[in-house]
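**Student:** Sequence:
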Amino acid sequence: MIREKEGIFLQRHTIGNYFNKMKEKADSVFQSKDDTTELLNTADSKSQSDSIIQELSAQVKALVRLVKSYRQGTYRDISKKSVLIMVAGLLYFVSPVDAIPDFLIGLGFADDAAVLGFIFRTLSQEIDSFMEWERKEEDSYIHPAP
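Mapping the sequence shown onto the UniProt record's numbering, position 114 (from 1) lands on 114, and the numbers just tick up by one.
Simulated from the structure, these hints should not be mistaken for laboratory data.
From a predicted model like this one, the values you see are computed outputs, not experimental measurements.
It is possible that part of the hints are untrue.
Stated by the list, open to error - Quick list of in silico lysine-lysine cross-link-like pairs, DSS-like style, CA-CA up to 30 Å:
hint	residue 1	residue 2
1	Lys23	Lys46
2	Lys80	Lys61
3	Lys46	Lys21
What the hints assert, rightly or not - Pair by pair, the computed Cβ-Cβ distance ranges are:
hint	residue 1	residue 2	range
4	Arg76	Glu138	17 to 23 Å
5	Lys23	Ala113	17 to 23 Å
6	Pro96	Ser140	36 to 42 Å
7	Asn17	Glu132	33 to 39 Å
8	Arg71	Gln125	29 to 35 Å
9	Asn41	Glu134	18 to 24 Å
10	Asn20	Glu137	23 to 29 Å
11	Ala110	Asn20	16 to 22 Å
12	Arg76	Arg121	18 to 24 Å
13	Gly117	Pro96	15 to 21 Å
14	Thr74	Thr14	34 to 40 Å
15	Ala58	Ser140	20 to 26 Å
Just so you know, even glycine gets a beta-carbon here, dropped at the ideal spot from N, CA and C.
Please construct the entire structure, taking both the sequences and the accompanying hints into account.
**Tutor:** Here it is, written out as structure tokens:
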């Protein structure tokens, strides 16, 4: 039992260390339009992989859309600090070498899911508000006639 608890602590501690490194990197990536675009494209592409569960893919895509909308200035109803946490989560997701390397089939995305789950729990109000804003934007869009 003690060994099991130590393993869980070590795993969480390691995930936390990697995520903190990504948080440190997030601001510099976000300051560069090119780096942000590359991150969003990479995250979007990786989220479409067959090996990723659908819920994780949907979470990544939502974060990509939110960060892109914030970066473009079309959505601003969120703090920059929250956006940077999302950028850090996307950096963690696209990194092939993190707490559990992505090449480990069946396990590789477990830590990514944990980090993204943490972000979705922590920033649920902000993400829900963005998704509601998106729905309203889509509803108000006038589609061209066929």
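**Student:** Let me make sure I understand: some of the numbered hints might not hold for this structure. Which ones are they, in numerical order?
**Tutor:** 8 and 10
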